[in-house]
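Novice: Which chain is which? The protein sequence lines are A and B, in order.
Here the UniProt record's numbering is used: the first residue of the first sequence is 1, the next is one more, and so on.
Here the UniProt record's numbering is used: the first residue of the second sequence is 1, the next is one more, and so on.
A portion of the hints provided could be inaccurate.
Since the list gives no way to pick out one identical chain from another, each pair is judged satisfied if it fits inside one copy or across any two copies.
[Unchecked claim] Straight-line C-alpha distance at most 20 Å; calculated SDA-like pairs for lysine to any residue:
| # | residue 1 | residue 2 |
| --- | --- | --- |
| 1 | LYS61 | VAL46 |
| 2 | LYS176 | VAL155 |
| 3 | LYS61 | GLU6 |
| 4 | LYS176 | THR149 |
| 5 | LYS61 | ALA184 |
| 6 | LYS176 | ARG156 |
| 7 | LYS61 | THR72 |
| 8 | LYS61 | GLY148 |
| 9 | LYS61 | ARG50 |
| 10 | LYS61 | GLY111 |
| 11 | LYS176 | SER151 |
| 12 | LYS176 | ASP52 |
| 13 | LYS61 | VAL170 |
| 14 | LYS61 | VAL43 |
| 15 | LYS61 | THR4 |
| 16 | LYS61 | PRO40 |
No lab work stands behind these hints, which were simulated from the structure alone.
There are 2 protein chains.
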Amino acid sequence: MQFTLEDISDDEIARRRAIYEPLTDSVRRLIDAVIRTEVPDDVVAVARERIDDIVDTLRAKQIDGPYGVRYTPDFVGMPWGNSVVGVRNAIAPPLRTFHDGHEVSAEFTLGAAYEGPGDHVHGGVAAMILDQVLGEAASVDNVPCYTGTISLRYVRPTPLGPLTARASIVGRDGRKKTVRGTLADAEGVTVEAEGVFIVPRDWTGRMPRASKDHSSAHTQD
Amino acid sequence: MQFTLEDISDDEIARRRAIYEPLTDSVRRLIDAVIRTEVPDDVVAVARERIDDIVDTLRAKQIDGPYGVRYTPDFVGMPWGNSVVGVRNAIAPPLRTFHDGHEVSAEFTLGAAYEGPGDHVHGGVAAMILDQVLGEAASVDNVPCYTGTISLRYVRPTPLGPLTARASIVGRDGRKKTVRGTLADAEGVTVEAEGVFIVPRDWTGRMPRASKDHSSAHTQD
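Required output: the full structure, derived from the provided sequences and hints.
Specialist: Structure below.
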């Protein structure tokens, strides 16, 4: 696993966030609009041409390959390309995770783009979100680890709308940590998850290191 | 679970697909460009304004709520809003699944938008894709079912790039079907999955019915 050092200040991070957060939010609204629009075909065709123009403009200068997992010299994480928490990734809802003791939680709202069964969250999207939240919970003790296994039990269908995910460590055995979590709507739990996360064999107690999947630095996002 | 009847011909489906597939592909390129761009801040700001304009145009007429799972009177499925296979959902790679006997498979390429660890597929994205492919495999016998449980074992990190997912039914017990599948790159399996899928109690042998999560009709996409 790679990470990329971004030698920038907290002010520079804030400045970049202020530029890219609104841009990515606009793309999220566009994703939703493309699913739900009923405008005439010629209007759709013009929209496509205009989107292609914007893509050309943005691609005039771009990094070669994916964004990577970036850290500042102060070990502030910038996983801005991450599919679940990335502030520059329009696929991400995005989740903002919070730590309260050993519990990691996130409140978020899922719309049309996260649909599987009619009016309900795709089971795979529930799995994707829980993988991220359990992974962050596994790393709350500042020891990074990667996902070994994860098991999900679908208690009932999850409606689109406001949801909460939570997770915390429930057991440890050598380099293995067992983490449990849930996805819930206002009526209660819809999906239960349990995962085993593994500390890299070469972990030496310093952040950031190679061989990280989930790291405590993710909690900044 | 709901489904929506779309009383349209095969020609009309083809016509709509020809309009929306290119539009959604353009949005997929935009998602990638927003993650990777390094153009000056003022260029980003203008891009955002232009995206907001397009969103306003598309929202001039739109459906109320998510897309839903649609079927034609001939039981041709149109899950075009689906997060994994939806041709109108830019979050979806999208997967196109193929049936060969009892095996369901899909070949696809994942780029920057599906990143978790640096240069690698987010573990949750792997879970999301396998949930869809296992769900379709569970329904190859034309009996719909919903996900009960799914367990994933991460054999090694999955690199971004060309990948293959496969799944098939390995066991049956009353209303339960056990399905196994894998995600693999050119070097072999990276993630193993096993799920238990359950046929609705009120299933009467006719498609489409209420209480569907995955259905054989998904195979059209």
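Novice: Give a verdict on every hint.
Specialist: Hints, verified against the model:
In this assembly of identical chains, the alpha carbons of LYS61 and VAL46 lie at most 20 Å apart only when taken from different copies (15 Å versus 25 Å within one copy). For the homomeric pair LYS176 and VAL155, the shortest alpha-carbon distance between copies (15 Å) is at most 20 Å, but the shortest distance inside one copy (26 Å) is not. In the homo-oligomer, the alpha carbons of LYS61 and GLU6 lie at most 20 Å apart inside one protomer (18 Å), although the nearest pairing across protomers, at 43 Å, exceeds that limit. In this assembly of identical chains, the alpha carbons of LYS176 and THR149 lie at most 20 Å apart only when taken from the same copy (11 Å versus 23 Å across copies).
Taking identical chains as interchangeable, the C-alpha atoms of LYS61 and ALA184 are never at most 20 Å apart, the minima being 42 Å within one chain and 32 Å between chains. Taking the shortest Cα distances, LYS176 and ARG156 sit within 20 Å of each other only across copies (16 Å), while inside one copy they are farther apart (30 Å). Proximity of LYS61 to THR72 under the C-alpha cut-off of 20 Å is found in neither arrangement, the shortest distances being 22 Å within a copy and 45 Å between copies. Taking identical chains as interchangeable, the C-alpha atoms of LYS61 and GLY148 are never at most 20 Å apart, the minima being 37 Å within one chain and 46 Å between chains.
Within a single copy, LYS61 and ARG50 get their C-alpha atoms as close as 19 Å, and across copies as close as 18 Å, so both meet the 20 Å cut-off. Taking the shortest Cα distances, LYS61 and GLY111 sit within 20 Å of each other only across copies (18 Å), while inside one copy they are farther apart (32 Å). In the homo-oligomer, the alpha carbons of LYS176 and SER151 lie at most 20 Å apart both inside one protomer (15 Å) and across protomers (17 Å), since each shortest distance falls under that limit. In this assembly of identical chains, LYS176 and ASP52 lie within 20 Å of each other by CA distance neither inside one copy nor across copies; the values are 47 Å within and 46 Å between.
For a Cα distance limit of 20 Å, the shortest separation of LYS61 from VAL170 qualifies neither inside one copy, at 46 Å, nor across copies, at 49 Å. In the homo-oligomer, the alpha carbons of LYS61 and VAL43 lie at most 20 Å apart only across protomers (11 Å), although the nearest pairing inside one protomer, at 29 Å, exceeds that limit. Taking the shortest alpha-carbon separations for LYS61 and THR4, only the intra-copy value of 19 Å comes in at or below 20 Å, while the best inter-copy value is 44 Å. Proximity of LYS61 to PRO40 under the C-alpha cut-off of 20 Å is restricted to the inter-copy arrangement: shortest distance 9 Å between copies versus 34 Å within a copy.
Hint violations for this structure: numbers 5, 7, 8, 12 and 13, all remaining hints satisfied.
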